[in-house]
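*Asks:* Work out the full structure, taking the sequences as your base and the hints as a guide.
This is what each chain is made of:
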Amino acid sequence: NAGVTQTPKFQVLKTGQSMTLQCAQDMNHNSMYWYRQDPGMGLRLIYYSASEGTTDKGEVPNGYNVSRLNKREFSLRLESAAPSQTSVYFCASSVMGPDTQYFGPGTRLTVL
Amino acid sequence: GENVEQHPSTLSVQEGDSAVIKCTYSDSASNYFPWYKQELGKRPQLIIDIRSNVGEKKDQRIAVTLNKTAKHFSLHITETQPEDSAVYFCATQEGSQGNLIFGKGTKLSVKP
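Each protein sequence line maps, in turn, to chains Z and B. With the working numbering, letter number 108 in the first sequence gets 108, and the count goes up by one each step, no holes. With the working numbering, letter number 74 in the second sequence gets 74, and the count goes up by one each step, no holes.
Please note that a few of the clues may not be correct.
Listed next, the in silico BS3-like pairs over lysine-lysine satisfying Cα-Cα at most 30 Å (straight line) [stated by the list, open to error]:
hint, chain 1, residue 1, chain 2, residue 2
1, Z, 14, Z, 57
2, Z, 57, B, 71
3, B, 22, Z, 71
4, B, 58, Z, 57
5, Z, 71, B, 71
6, Z, 57, Z, 9
7, B, 71, Z, 14
8, B, 111, B, 68
9, Z, 9, B, 107
The following residues of chain B were derived to be distant from chain Z, with all beta-carbon distances above 12 Å [to be verified]:
hint, residue
10, 13
11, 18
12, 30
13, 53
14, 62
15, 70
16, 72
17, 83
18, 97
19, 100
20, 104
21, 111
Since the hints were made in silico from the structure, they are not lab data. Everything numeric in this text was worked out from a predicted model, so none of it was measured. The beta-carbon is built from N, C-alpha and C at its ideal position, and this holds for glycine as well.
*Replies:* What follows is the structure, encoded as structure tokens:
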């Protein structure tokens with residue numbers, strides 16, 4: 001039982017490049033989330049998927065898109081990376097809604 | 001929307017002392033209040049949570065208290081140990097069913 005996994009662990013992009021962050025969970029959770037973590041800012045919600053087939057914007061969605069591929073997988077895409085998107089990105093999942101959230105190991109992204 | 005204020009931002013204690021971290025929130029409909037611990041370079045992990053039908057919950061050396069009238073809740077760590085050194089985040093949900101909103105975190109340092 002791996003819990004929540006994320007790939008890649010580290011990534012460096014140039015401004016304007018695109019990339020997709022992958023997230024998968026094997027706990028049969030319904031809800032999945034993408035957060036970004038910046039120094040002194042806590043965890044801010046980018047997008048979430050309350051259940052398979054649905055996605056919604058969170059607090060800071062600009063510059064990102066998501067896909068809930070199936071119940072297990074939830075990906076985050078940066079279409080045209082900007083230096084302001086330099087951050088640590090965490091995926092999380094929960095059984096349903098505001099319950100215990102289990103986090104992945106994170107992806108450290110640097111945009112030059 | 002919901003606003004969560006967390007204090008202090010940094011806290012340094014001697015091993016064996018107690019540590020208290022406080023959070024205030026604005027949405028009176030919130031009814032779920034988790035606390036997460038994040039060690040350096042690791043993912044956030046839930047350490048304790050409380051729901052609005054109780055005022056206090058304990059788990060060994062950690063406890064959380066909730067005052068719904070004043071809209072604040074606190075994390076108490078007794079007999080602190082060096083391994084308690086980490087960043088602690090409080091959170092509450094937006095409305096009665098909404099997503100989690102996190103505080104900006106408290107960096108706790110326990111000096112041996």
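*Asks:* Now look at each hint and say whether the structure bears it out.
*Replies:* Each hint tested on the structure:
1. Simply put, residue 14/Z and residue 57/Z have alpha-carbon atoms about 25 Å apart, close enough for the 30 Å limit, and the pair holds.
2. For the proposed pair residue 57/Z and residue 71/B, the alpha carbon gap of about 27 Å is at most 30 Å, so the pair holds.
3. A hinted pair counts as satisfied when its Cα atoms are at most 30 Å apart, and residue 22/B with residue 71/Z does not qualify at roughly 36 Å.
4. A threshold of 30 Å between alpha carbons decides the hint, and for residue 58/B with residue 57/Z the separation of about 35 Å lies outside it, so the pair is violated.
5. Taking the CA atoms of residue 71/Z and residue 71/B, the gap is near 36 Å; set against the 30 Å cutoff, the hint is violated.
6. With a CA separation close to 24 Å, the supplied pair residue 57/Z and residue 9/Z stays within the 30 Å bound.
7. Restraint check: the Cα-Cα separation between residue 71/B and residue 14/Z comes to about 44 Å, which exceeds 30 Å; the hinted pair is violated.
8. Of the pairs offered as hints, the one joining residue 111/B and residue 68/B is violated, with about 33 Å between alpha carbons and a cut-off of 30 Å exceeded.
9. A threshold of 30 Å between alpha carbons decides the hint, and for residue 9/Z with residue 107/B the separation of about 24 Å falls inside it, so the pair holds.
10. With a least CB separation of 21 Å from chain Z, residue 13/B remains clear of the 12 Å interface cut-off, as annotated.
11. At roughly 24 Å, the least C-beta separation between residue 18/B and chain Z is larger than 12 Å, which holds for a residue marked as non-interface.
12. The claim that residue 30/B is not at the interface with chain Z is violated, since a C-beta of that chain comes within 12 Å of its own (minimum 9 Å).
13. Residue placement check: residue 53/B keeps its beta carbon more than 12 Å from all beta carbons of chain Z (closest about 15 Å).
14. For residue 62/B, the shortest C-beta to C-beta distance to chain Z comes to about 15 Å, beyond the 12 Å cut-off, and the non-interface label holds.
15. The Cβ of residue 70/B lies farther than 12 Å from every Cβ of chain Z, with a closest approach of about 21 Å, so its non-interface assignment holds.
16. Consistency note on residue 72/B: stated as away from chain Z, and its beta-carbon is indeed over 12 Å from all of that chain's, at 17 Å minimum.
17. Distance check for residue 83/B against chain Z: the nearest CB is about 19 Å away, which clears 12 Å, and the non-interface claim stands.
18. A Cβ of chain Z approaches the Cβ of residue 97/B within 12 Å, the least distance being about 6 Å, so the stated non-interface status is violated.
19. Once the 12 Å rule is applied to beta carbons, residue 100/B is inconsistent with being away from chain Z; the minimum gap is 6 Å.
20. Annotated as non-interface, residue 104/B brings its C-beta within 12 Å of a C-beta of chain Z; the closest such distance is 4 Å.
21. Residue placement check: residue 111/B keeps its beta carbon more than 12 Å from all beta carbons of chain Z (closest about 23 Å).
Comparing the model with each earlier hint shows violations of hints 3, 4, 5, 7, 8, 12, 18, 19 and 20; every other hint is respected.
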